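Visitor: Given chain A, put chains B, C and D in place with the hints provided.
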Amino acid sequence: MNYRKALITFFTFLGGIYFFLEFVLPEKLPEALGGYVFGMFHSEISNGFIAIGAVAFALGLINLFYVHGSKIIFKRKGALNSIALLVSLLLMAYLTLNEWISSEQVNTRSADLRNLAAFSERIKGDAEKSDYEGLSVTERVVFLNDALKIELSKVQAVLDNRESAMPNFLYEDLTTNLAVVTDKAEKINKVINNGSVFTDFTILTDLSTALNILAPSFYKINETSYRTSTEKLTYDFVYEGFFVPLGSAMFSLLGFYIISAGYRAFRIRSTESALMMIAAVIVMLGQIPFYIYIWNGLPEVRLWLLEYPSAAAFRAVKFGAAIAGLYMAVRMWFSIESSSFIEEGKEGPQ
Amino acid sequence: MKSRSKLRSLLNLDRRVIFLFVLLALAWPLLNKYTIRPARMKSADKLFKIVDELKPEKGKVAFVAFDFGPNTKAENASQAQVVVEHLMRKRIPIILFSQYVLADPFLKSIPEKIKLSLESEFPEEKWEYGKDWVNLGYRPGSALIIQSIPKSTNLAETFIIDAFSTPLKELPIFKEKLTLKNITLLFQVTGLVGTFDSYVQFFQTKDYRPQFSHGCTSITIPEAYIYLDSGQLNGLLEGIAGAAWYSYRLSDEYKAREEDDAVLINTGLGIAHLLLIGLIILGNISGLISKRIERVAT
Amino acid sequence: MGIEHASPAMILILLILAGPLFYFIRKAIKGHQFFVRKIAGIDAINQAIGRSAELGRPVSFCTGLTNISPTLYAVLGVLFHVARRCAIYRNKLILPQNQPDVMAIAESVMKDAYRIEGRLHEFDPSNIIYLSDEQFAFASGYMGTIHREKVASAFLFGYFAAESLILAEAGQQIGAMQVAASVSPEQVPFFITSCDYTLIGEELFAAAAYLTREPVQMGSLYAQDRVKIVIFGLIIVGVLIATANTIFPEVNWINIDTIIRAPWQDVKAWLVGGS
Amino acid sequence: MTNQTLILWTTIMGGVCTLSIFSFLIKENPFYRVFEHIFIGIAAGLGAIQGFRYFLWPQILVPLFGLNIVQYPDGSFSGEYNPYVLLYIAPLLFGLLYYFIYSKKHGWLAKLVIGFSLGASAGLSFKGFFAEMLPQLSSSFKSLVVMANGTIDWASSLSNMLFVFTLLAVMYYFFFSIKAESATAKKFSASGRWLMMVCFGSFFGSTVMARLALLVERLQFLLIDWASAIKTLFSFGPPA
Chain A
904 MNYRKALITF
914 FTFLGGIYFF
924 LEFVLPEKLP
934 EALGGYVFGM
944 FHSEISNGFI
954 AIGAVAFALG
964 LINLFYVHGS
974 KIIFKRKGAL
984 NSIALLVSLL
994 LMAYLTLNEW
1004 ISSEQVNTRS
1014 ADLRNLAAFS
1024 ERIKGDAEKS
1034 DYEGLSVTER
1044 VVFLNDALKI
1054 ELSKVQAVLD
1064 NRESAMPNFL
1074 YEDLTTNLAV
1084 VTDKAEKINK
1094 VINNGSVFTD
1104 FTILTDLSTA
1114 LNILAPSFYK
1124 INETSYRTST
1134 EKLTYDFVYE
1144 GFFVPLGSAM
1154 FSLLGFYIIS
1164 AGYRAFRIRS
1174 TESALMMIAA
1184 VIVMLGQIPF
1194 YIYIWNGLPE
1204 VRLWLLEYPS
1214 AAAFRAVKFG
1224 AAIAGLYMAV
1234 RMWFSIESSS
1244 FIEEGKEGPQ
Chain B
5 MKSRSKLRSL
15 LNLDRRVIFL
25 FVLLALAWPL
35 LNKYTIRPAR
45 MKSADKLFKI
55 VDELKPEKGK
65 VAFVAFDFGP
75 NTKAENASQA
85 QVVVEHLMRK
95 RIPIILFSQY
105 VLADPFLKSI
115 PEKIKLSLES
125 EFPEEKWEYG
135 KDWVNLGYRP
145 GSALIIQSIP
155 KSTNLAETFI
165 IDAFSTPLKE
175 LPIFKEKLTL
185 KNITLLFQVT
195 GLVGTFDSYV
205 QFFQTKDYRP
215 QFSHGCTSIT
225 IPEAYIYLDS
235 GQLNGLLEGI
245 AGAAWYSYRL
255 SDEYKAREED
265 DAVLINTGLG
275 IAHLLLIGLI
285 ILGNISGLIS
295 KRIERVAT
Chain C
527 MGIEHASPAM
537 ILILLILAGP
547 LFYFIRKAIK
557 GHQFFVRKIA
567 GIDAINQAIG
577 RSAELGRPVS
587 FCTGLTNISP
597 TLYAVLGVLF
607 HVARRCAIYR
617 NKLILPQNQP
627 DVMAIAESVM
637 KDAYRIEGRL
647 HEFDPSNIIY
657 LSDEQFAFAS
667 GYMGTIHREK
677 VASAFLFGYF
687 AAESLILAEA
697 GQQIGAMQVA
707 ASVSPEQVPF
717 FITSCDYTLI
727 GEELFAAAAY
737 LTREPVQMGS
747 LYAQDRVKIV
757 IFGLIIVGVL
767 IATANTIFPE
777 VNWINIDTII
787 RAPWQDVKAW
797 LVGGS
Chain D
575 MTNQTLILWT
585 TIMGGVCTLS
595 IFSFLIKENP
605 FYRVFEHIFI
615 GIAAGLGAIQ
625 GFRYFLWPQI
635 LVPLFGLNIV
645 QYPDGSFSGE
655 YNPYVLLYIA
665 PLLFGLLYYF
675 IYSKKHGWLA
685 KLVIGFSLGA
695 SAGLSFKGFF
705 AEMLPQLSSS
715 FKSLVVMANG
725 TIDWASSLSN
735 MLFVFTLLAV
745 MYYFFFSIKA
755 ESATAKKFSA
765 SGRWLMMVCF
775 GSFFGSTVMA
785 RLALLVERLQ
795 FLLIDWASAI
805 KTLFSFGPPA
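Protein chains in written order, with this note's numbering: chain A, 904 to 1253; chain B, 5 to 302; chain C, 527 to 801; chain D, 575 to 814.
This list has only true hints and no planted wrong ones.
To give an idea of the chain A side of the interface with chain D (calculated C-beta under 8 Å), a few residues: (1) 921; (2) 995; (3) 1174; (4) 1235.
Because the hints were derived from the structure by calculation, they are not lab data.
As the structure is a computational prediction, the values presented were derived from the model and not from experiment.
All C-beta atoms, glycine included, are put in the ideal place defined by N, C-alpha and C.
Here chain A stands alone, though its shape is the one from the complex (with noise of 0.2 Å):
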């Protein structure tokens, strides 16, 4: 067995271990092995799981770039085609990331507002900490004091210039929360222009949750007038006007297409054939508001229908794909195939 099978018949082996392992053993192990909880990282590890799998996304991207990029190189049938398949892509990841982005930064604007509160909570906190000797409360608290005017103007700056089409409610919010810090600010700032040493800690507490109502307030305008932004329209005509369309469009071809299949196959040929057509007659009568002209009962056959033979019979298949299922994940895990496509192959017959 070369080198490289045993290579990869090792690393399959490794990528269940883990999984295996937290199944088979308890909560926590018992005393006598260390009371161990192995399950302790256990959304890390699943993360780390999913990452390998993540990372392969542009595998896609380049199979597209490759078989419809060689298209137009060599100007094959359909090269036209190709061009609109990479242009709307290129288009479209393009407008995602640029909304991601953008609402990214909707985001980080009411987050300075939060990071001031648990800042504010921090120089409380540590203060009454005994073993904390970093700045001085007054000290911290004159940056404090400096931030929260640049991050109050900022907040300001949105109130004075107020867009027409964005609801007023919005902006009365924002007011009555903005007033609420400022008047919370000013008194830090008294107390730091007279140049006393800052003892009262209410002021903190209350200073972080008003700052704590700000954000959100602030946040639902950003969010809001963001949503009239032309990145944002842009994303949403392409999402809204042509993939979602399209998928629904799809997925309803087959409402055309189950009716055709059933007119084609439901011919009395077999008994199967005609058990299978007699069995989907029934269940339609049962579920559509005709029934009550047709038969009070159909319900209710349809239901025994649905509950007695066919789950039993949807059981006995899952049984079966379930032990055959079992069995494969066995023979995966420890690589058990004699001329299995997972090993070099060797050179066959040139």
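Guide: Using the frame of chain A, we list chains B, C and D on its own:
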């Protein structure tokens, strides 16, 4: 000879002719707004009873998962609407969530639409984001995310922010520390195969399992039955027929309720079903007759 | 209640299940021939490839929405066989793909098949067609591709959802010979109405064993049947216990599923106490 | 471009896309082909970024680059950088092995990550097997005799008997290595096949509703929303 060829053409109508029939069968009721009382759905009654008996209690929430996209909107959106509306009427706080990226627009639009129609029905009452419902938005990872929820000791820390990047700690619903035990009802709507299984397999702990109700597209109805039968499911909306019957029950309970189009869609479908059954009968009859002619001829 | 960690009985079951698998595989490797009944759909696979060779039109092999899972491993076994045949007949084989990582695996399997038949130089990577990981963009790409390629035979193997009927009807409309195998039972009715042959549930897993008659796969197939006989028996026993419990309520035997679920402490108590 | 005209054009384009897909019902044609390619392009562009935006960025890269740690105005930090996060580099690099699929010489390296992913899904399927199968197995233990306050409820009893019979018959049909010689065995296997057909027929019947529901929704869009959008377009009046 001529009669047999005519029959043979009846035996296999060209598929384009059938497509035309389907178009006419569905378009006619749409244009004339013709509706009929939907068929009674016992499993929808079960769900209606569960939601009707829920009382707004401190720290008790409903966890509603929209795992559907624009493709199954016709059935799943109607189901999501009727149940979220009923929960909002009963003032049960709702946590909205999805494992499917394309569900995002519905997570945002459906509760807003219901809020507006309820506030127009009850002008003096208010429904607010953060208090009556929270939207966690789309989260990737399917089964891995679902099985981390029961393990979480505080959902606000597991999910950190909502779909609008507001920290959950600031929202009234999350003022209380919420874990799986605070979730009284799980309602999952999906047209996707597989997302339902991750809830069945992982959305419980050894000693607690919320009431589990489900809205499925008609294709997975039979599969949902085996979970209804085994008790893993406590209530079920079966495709558009389930949504139409639930909507009928809601209108029956709340007289001033605005009519939604679940019942209208359901009627159009009834006519198209009759078309298919007619075609099947036609196909079989002409098949038998032409076999008899062949036997006579040979 | 939910199952987060294995109970002692479950670990026991896993060990018991492993027994027949390794035993019958060793027996098969030693050359023991197992009887295996005919499955119509599987013989049709070779027929379909032959048909497209005569007509000189391509073959399409679609793995649907299958993600990396035991089902994919079974589908790859069939793809390996189909790709080898196409390499021998020098028949164009197209692979419409739905997921990047699955595409990478399918491509490596197809390359191995061409390499084993010594035709690696004829392998054309542009036959691996990535369409989309979005369900219906994939279906629309599949429909257009096989109509334009005038595919003579189409294979639909693996995990499908609602788009199954679209894929099957697309092949039916151009008169392609279609063999479908779905591990999702709710899609089987649509394959039955629109395809020539349909493999149901575990027949997909058996297909590779049938086609290659490899000892490992035959042994595993035989072991599977043995396990199913055990489950068959378990159901009968379980049903009888449930019936007995209803007729004579005072008997109240513990049923099989409660035994399987019994946690560590109960099992320890039972072993020690012998209750 | 006021908001109103944009919504108008979104509806109009939605209708054009729907008609392009419906044109396939007649025949594969250039009108369909262009929109098929546009659809695949948009889905690929959207999918690539969304995959990054909803997983790789928030769950892996933000903690990795410490972007979730904020620097306060006084220079102190909201939290320390957790070095264990650096472990995420391993799966990221390991995932890059997939791209070796394109290299002739080192193609086998891709098989390392392929094997690993297959192994991981194998590891997961053990819990999945029991979690899904056990409730099914226990709910298959249906009592053949159902008592309803003292007397036998024949309807449920017979239904349960049929349930168990179907379950066993369909399982029997799927036995690969058992020769069904005796007459009863052949009938039992045949009845398994027949009952499976009843199951598939019921599936088919219950799905017709879902597919037509989608078509109704698309026709509602075309006949009502799109038709009025076209009317306003040509009459240049305000949108209806």
